[in-house]
Amino acid sequence: MKRIGVLALQGAVREHLQTIEACGAKAVPVKKPAELLDLDALVLPGGESTTMRRLIDRYRFMDPLRDFAETGKPMFGTCAGLILLAGEVAGYEEPHLGVMDVKVERNSFGRQIDSFEADLEIKGLDAPFNAVFIRAPHIISAGPDTEVLCEYDGKIVMARNAQFLGCSFHPELTLDHRITDYFINMISVEHQSITI
Amino acid sequence: MNQQGTNRVKRGMAEMQKGGVIMDVVNAEQARIAEAAGATAVMALERVPSDIRRDGGVARMADPRITEEVMKAVSIPVMAKARIGHIVEARVLEAMGVDYIDESEVLTPADEEFHLLKERYTVPFVCGCRNLGEAARRIGEGASMLRTKGEPGTGNIVEAVRHLRQVNSEVLKVVHMSEDELMTEARNLGASYEFLREVKSLGRLPVVNFAAGGVATPADAALMMELGADGVFVGSGIFKSESPEKFARAIVEATTHYQDYQLIAELSKNLGIAMQGIEISTIAAGERMQERGW
Numbered sequence: 001m002k003r004i005g006v007l008a009l010q011g012a013v014r015e016h017l018q019t020i021e022a023c024g025a026k027a028v029p030v031k032k033p034a035e036l037l038d039l040d041a042l043v044l045p046g047g048e049s050t051t052m053r054r055l056i057d058r059y060r061f062m063d064p065l066r067d068f069a070e071t072g073k074p075m076f077g078t079c080a081g082l083i084l085l086a087g088e089v090a091g092y093e094e095p096h097l098g099v100m101d102v103k104v105e106r107n108s109f110g111r112q113i114d115s116f117e118a119d120l121e122i123k124g125l126d127a128p129f130n131a132v133f134i135r136a137p138h139i140i141s142a143g144p145d146t147e148v149l150c151e152y153d154g155k156i157v158m159a160r161n162a163q164f165l166g167c168s169f170h171p172e173l174t175l176d177h178r179i180t181d182y183f184i185n186m187i188s189v190e191h192q193s194i195t196i
Numbered sequence: 001m002n003q004q005g006t007n008r009v010k011r012g013m014a015e016m017q018k019g020g021v022i023m024d025v026v027n028a029e030q031a032r033i034a035e036a037a038g039a040t041a042v043m044a045l046e047r048v049p050s051d052i053r054r055d056g057g058v059a060r061m062a063d064p065r066i067t068e069e070v071m072k073a074v075s076i077p078v079m080a081k082a083r084i085g086h087i088v089e090a091r092v093l094e095a096m097g098v099d100y101i102d103e104s105e106v107l108t109p110a111d112e113e114f115h116l117l118k119e120r121y122t123v124p125f126v127c128g129c130r131n132l133g134e135a136a137r138r139i140g141e142g143a144s145m146l147r148t149k150g151e152p153g154t155g156n157i158v159e160a161v162r163h164l165r166q167v168n169s170e171v172l173k174v175v176h177m178s179e180d181e182l183m184t185e186a187r188n189l190g191a192s193y194e195f196l197r198e199v200k201s202l203g204r205l206p207v208v209n210f211a212a213g214g215v216a217t218p219a220d221a222a223l224m225m226e227l228g229a230d231g232v233f234v235g236s237g238i239f240k241s242e243s244p245e246k247f248a249r250a251i252v253e254a255t256t257h258y259q260d261y262q263l264i265a266e267l268s269k270n271l272g273i274a275m276q277g278i279e280i281s282t283i284a285a286g287e288r289m290q291e292r293g294w
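Read top to bottom, the protein sequences are chains S and D. Residues 1 to 196, numbered by the UniProt record's numbering, are exactly what the first sequence covers, in order. Residues 1 to 294, numbered by the UniProt record's numbering, are exactly what the second sequence covers, in order.
Hint data in this document are derived by calculation from the structure and do not stem from the laboratory. Every residue gets a Cβ at the ideal spot worked out from N, C-alpha and C, and that includes glycine. Take these hints with a grain of salt, some might be off.
[As the list claims (entries may be wrong)] Only pairs whose alpha carbons sit at most 30 Å apart, straight line, appear in this in silico DSBU-like list of lysine-lysine:
#1 Lys72(D) <-> Lys103(S)
#2 Lys32(S) <-> Lys246(D)
#3 Lys31(S) <-> Lys103(S)
#4 Lys246(D) <-> Lys31(S)
[What the hints assert, rightly or not] Some chain D residues well away from chain S (every beta-carbon gap over 12 Å; in silico):
#5 Asp51
#6 Glu185
#7 Ile278
#8 Ser281
[What the hints assert, rightly or not] What the simulated footprint calls covered on chain S by chain D, stretch by stretch (three residues with Cβ under 8 Å from a Cβ of chain D suffice, anywhere in the stretch; the number is not a length):
#9 8-21
#10 51-58
#11 113-127
#12 130-136
Assemble the whole structure, with the sequences as input and the hints as a guide.
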């Protein structure tokens, strides 16, 4: 069975764990770096990116997370998780993990009163996806090897760059599991741990 | 079509706060300290609860200048308090663009009979509760997040524990109750039948529930998480302590790692003096903030 971790420092951890289990994979909350070792893929959930970053530094998660990215195993960032993955964050000198070839802007749809839900056309999905945007970031620009999977209102809100998948919205807040399914299918046979 | 202010958007914002600490701040400098320490949001107000308690008089919505100053200072969400039932304070805060409104018993109620009809607002609300009946009525009015009340400004965790245990034991009771007993339970609690059915089918409250009102140490915050809170509000506990930065960081870490007791021991070393606490029995009945709201 595929084992998928969810970084469990803060945020919508429970929803991601439930969605992963609903997709037929084993969901593993990750609170300590050692818990990254036997995973096939990792989700960085929505929450507050500044809080998660402080806890990442405090518990020396940064190098283990970058090592995880180096292995080529898939990583999926939703909202704050996308900010953590991005190679560049507008207005900040340094990125967080800096592994995904995109530049993001925080809170780029406004404050909470501007938060919204909308039906999105996403590449590879047969029907629209109802997406919840909460103080959401967006991708300002994407590198040449990044595939844009969805734009909304002229802004890139979902993209894939090699093993990294990122979106501005929160697929974990809805019962539509197609995006998590897509992510789980990114796990290649060579990276899958052998469990019987 | 883009839809704003839906239940999913309003409740979803609280879901993103889970496992986090929301800190009371009275100016931009405190807000920056809170953000740097890892707070998931700040609550902008004019006086922290312990000062409101000490000063007496009528406590109102903060001067909008303070709220604006805090909103400019940080990139994390900013919450602000309106008086119970004060439609205009709530609308003013919404117009200013605060991210969440706390219809709060910490302020002097503006209406002793009716709470705000929160479903009419685009901005989401958090409200206090002491039991499942209060939780049900606030959610019924449109609250998107709850916090157990505790006794604000005391630095004494006892009431926060009482209220969180009460809410959670009543939720468990409903979850394990036979379907045909729900209507009577609804009558007894002053909750709607539909609400109790929802709680039973979900196995929990339909919104995030934080703990508030008395958290003063990292161990207090971890205790509330242990008892099933989704996160904690810390009012006076941080900026009324001897070293706010240290307390703020330690409380954030203890909330994340609430079952790592060796870590909490480390975090709790050399923090300096916590806020001065108050024994609940020394507070006159009329001065207990938890009795406000119904």
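Evaluated hints:
| no. | hint | verdict |
| --- | --- | --- |
| 1 | Lys72(D) <-> Lys103(S) | 23 Å, holds |
| 2 | Lys32(S) <-> Lys246(D) | 22 Å, holds |
| 3 | Lys31(S) <-> Lys103(S) | 27 Å, holds |
| 4 | Lys246(D) <-> Lys31(S) | 22 Å, holds |
| 5 | Asp51 | 27 Å, holds |
| 6 | Glu185 | 26 Å, holds |
| 7 | Ile278 | 30 Å, holds |
| 8 | Ser281 | 36 Å, holds |
| 9 | 8-21 | holds (count 8) |
| 10 | 51-58 | holds (count 4) |
| 11 | 113-127 | holds (count 7) |
| 12 | 130-136 | holds (count 4) |
The earlier numbered hints are all upheld by this structure, with none contradicted.
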